[in-house]
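Trainee: The lines below spell out each chain.
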Amino acid sequence: MLEFFTAVLTSLSTGAIYALMSTALVLVWRSTRVINFAQAGQAVLSTYIGYEVTTRSGSYWIGFIGAVLSGAIIGAGIDRFFMRPIFKRVKSGPIVMIAPVVATLGLLGIIQAIVGFVWGLNYLTIAAPVSTEGLKVFGSVIAFSPFNLMVLISVTLSMILLTILFQKTNLGLALRASAYSPEIAKLSGIKVEAIRTIGWALAGAAGGLAGMLYVPGSYLYPNSMEVLLVFGFIAAVIGGLDSLFGAVAGAMILGFAINFSTTYISYKLVFPTAFVILILVLLIKPGGVFSSKKGRKD
Amino acid sequence: MVKISTNRKRTLAFVLLGWVLLIISDRVGELRQYQGSFVAMYALAIASIILLTGYSGQLSLGHSALMAVGAYAGALSINNLKLHPALALIVAALIAGIFGLLLGFTVARLSGPYLAGTTLALAVSLPTVANQFPILGGEQGIIFDIGTPPSRFGEDFSQYKWFFWISALAALITIWMLSNLLASRYGRVFRALRDNSVAAQLSGINVGRLKAIAFSISSGIAGLAGGLLVMLISGVSPSAFPLSLSFALLTGAVVTGVYNLKGVMLGGLVLVAIPEIAESVVSRIGGSEGFTTTLPGFMVSALLILAVLFTPNGPGQLLHHHKKKH
Chain A
82 MLEFFTAVLT
92 SLSTGAIYAL
102 MSTALVLVWR
112 STRVINFAQA
122 GQAVLSTYIG
132 YEVTTRSGSY
142 WIGFIGAVLS
152 GAIIGAGIDR
162 FFMRPIFKRV
172 KSGPIVMIAP
182 VVATLGLLGI
192 IQAIVGFVWG
202 LNYLTIAAPV
212 STEGLKVFGS
222 VIAFSPFNLM
232 VLISVTLSMI
242 LLTILFQKTN
252 LGLALRASAY
262 SPEIAKLSGI
272 KVEAIRTIGW
282 ALAGAAGGLA
292 GMLYVPGSYL
302 YPNSMEVLLV
312 FGFIAAVIGG
322 LDSLFGAVAG
332 AMILGFAINF
342 STTYISYKLV
352 FPTAFVILIL
362 VLLIKPGGVF
372 SSKKGRKD
Chain B
261 MVKISTNRKR
271 TLAFVLLGWV
281 LLIISDRVGE
291 LRQYQGSFVA
301 MYALAIASII
311 LLTGYSGQLS
321 LGHSALMAVG
331 AYAGALSINN
341 LKLHPALALI
351 VAALIAGIFG
361 LLLGFTVARL
371 SGPYLAGTTL
381 ALAVSLPTVA
391 NQFPILGGEQ
401 GIIFDIGTPP
411 SRFGEDFSQY
421 KWFFWISALA
431 ALITIWMLSN
441 LLASRYGRVF
451 RALRDNSVAA
461 QLSGINVGRL
471 KAIAFSISSG
481 IAGLAGGLLV
491 MLISGVSPSA
501 FPLSLSFALL
511 TGAVVTGVYN
521 LKGVMLGGLV
531 LVAIPEIAES
541 VVSRIGGSEG
551 FTTTLPGFMV
561 SALLILAVLF
571 TPNGPGQLLH
581 HHKKKH
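Chains as they are written, first to last, in this note's numbering: chain A, 82 to 379; chain B, 261 to 586.
Just chain A, with the same shape it has in the complex:
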């Protein structure tokens, strides 16, 4: 019973981190129709910045703010100074469909190389602001720490903020309109390109947040976010790529599936479980589990 309870709690907190990554991917996909593979690079770069700020200031929380802010700035910068020129330049030929995606891959490689060059290839870690020791429940220690609880609370709060932004503000309306139909949004006076940059900034911030919440329980090295990128992608596919709610729900499904299969069957099953889920979703419902109507087709 206790084992089951622990598995539920750890599923929630790992699912929460996946949710940040899948949200970031969905935010960019909705506005740009590109799966931003550089997201792993952006997240790792802003986490390194968070690491630097944390070690210099001595406070995790200042580093936390540094990572989220720098994530947003990096995201916006990449859209404005990297993606936009590529969309402008590459207009014809068979590569036009894949050029933006290929560009994000190149960017991922460049960011990883720069990070490795600046900070080295060693495994770093950021000390958690609260204990990472398991909580005591009825006299026995479970694999759920106060830090896991903090992860869960931070992600829930940021999701609530994101929902308010999207549902209750004019900016959110503009974001939704540009994602739904860029042409019509443009006709009604929305600066679609600027709005897209804001979407990228939000995604970058989510990536920085994911890094700061992931690293204290793991390690920081130039490739450390690739795994998160993969799980974020799978979660986004489960949710249908287009929906923010779907991205979070997909991440939770993935978190539960991975934690339960590793708790009850074998610790080796992390990747096989994720992969089987991805294949099943693509076979049975490639539009995503939560898609009721047909989405925009490309």
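No lab work stands behind these hints, which were simulated from the structure alone.
C-beta: ideal position from N, C-alpha, C; glycine also.
A hint or two may mislead.
As the list claims (entries may be wrong) - Ranges between beta-carbon positions, derived for each pair:
no.: 1; chain 1: B; residue 1: K522; chain 2: A; residue 2: V89; range: 51 to 59 Å
no.: 2; chain 1: A; residue 1: T136; chain 2: B; residue 2: D286; range: 53 to 61 Å
no.: 3; chain 1: A; residue 1: L246; chain 2: B; residue 2: N340; range: 56 to 64 Å
no.: 4; chain 1: B; residue 1: L569; chain 2: A; residue 2: I365; range: 37 to 45 Å
no.: 5; chain 1: A; residue 1: W142; chain 2: B; residue 2: E539; range: 37 to 45 Å
no.: 6; chain 1: B; residue 1: F570; chain 2: A; residue 2: I154; range: 24 to 32 Å
Claimed, not checked - Derived DMTMM-like pairs (lysine to aspartate or glutamate); straight-line CA-CA distance at most 20 Å:
no.: 7; chain 1: A; residue 1: K217; chain 2: A; residue 2: E84
no.: 8; chain 1: A; residue 1: K169; chain 2: A; residue 2: E264
no.: 9; chain 1: A; residue 1: K169; chain 2: A; residue 2: E274
no.: 10; chain 1: A; residue 1: K172; chain 2: B; residue 2: D455
no.: 11; chain 1: B; residue 1: K342; chain 2: B; residue 2: D405
no.: 12; chain 1: A; residue 1: K349; chain 2: B; residue 2: E399
Given chain A, work out where chain B should sit, using these hints.
Mentor: Frame of chain A, contents of chain B only:
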């Protein structure tokens, strides 16, 4: 009549190229022979990307993983089934092709980013999975020994020359078969899929099935290249197939023009040259460990971005961009 003659021309060109390579291999040192075998192996792997991306419009980030599938299949069939090395390379291609077919019918038939993401997941998770099966030898991996060159070639026929002969021959035969395929009805169908899949569907082409088939052939070629790669480094382990290998192949394909099969040798040369250039840069200006290990990756990625920005349709575009190809 015309078609037969172009086919003959192509065959003749390949035979001639093979002959030239043979002569060259006799006149260069062992290091160049070894590098030459890497060029052939990379050229083959890039050809598999060109078939997939240039001819069916799909993007794979997991060709390193497909190469690994072929490599492990080949190594297991030499070590455990005691197959002849030549047969083992064919097994490598077949197993990777079958693997690709299964994956293809699931993912490659879908449009959008699904194939790219799924293959990325494959490439990232493969090392971990390989570590968990004792038969695959964990982190150390397993040996892949193709044996010494046959004694009938004489005493001074070196191992490196033997590597070069095998790689070059495998690459030549496979790319010759591939270029014949692309010149056939299937090549036209693949191009139709890439350029306008709706129109292709309207003219009676089963888009999903053909995309899956293209992916499967591409996987088989990648598997063969994987077998050649581990032959050259005498062993197969997860670390031989990092995600950066997939990126490098993609760079090779984009640099030579993603629908230009003729350029694959250039792509292979670029991929072999990059670490060399990086090394000479580092030895000249010195640098930290981080700089030394990250420079090749940086160069590959920078080249990829520059190629996408300035010659998205290949270097041929610069020569005659007013003519519309195909």
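Trainee: Now tell me if each hint is right for this structure.
Mentor: Verification of the supplied hints:
1. B:K522 with A:V89: 51 to 59 Å: holds (58 Å)
2. A:T136 with B:D286: 53 to 61 Å: holds (59 Å)
3. A:L246 with B:N340: 56 to 64 Å: holds (58 Å)
4. B:L569 with A:I365: 37 to 45 Å: At roughly 39 Å between Cβ atoms, A:I365 and B:L569 fall inside 37 to 45 Å, so the hint holds.
5. A:W142 with B:E539: 37 to 45 Å: holds (43 Å)
6. B:F570 with A:I154: 24 to 32 Å: holds (27 Å)
7. A:K217 with A:E84: holds (13 Å)
8. A:K169 with A:E264: Cα-Cα ~17 Å, so holds.
9. A:K169 with A:E274: holds (12 Å)
10. A:K172 with B:D455: Satisfied, since the Cα-Cα distance of roughly 14 Å is no more than 20 Å.
11. B:K342 with B:D405: holds (11 Å)
12. A:K349 with B:E399: Holds, because 15 Å separates the two Cα atoms, which is no more than 20 Å.
Comparing the model with each numbered hint stated earlier shows that all of them hold.
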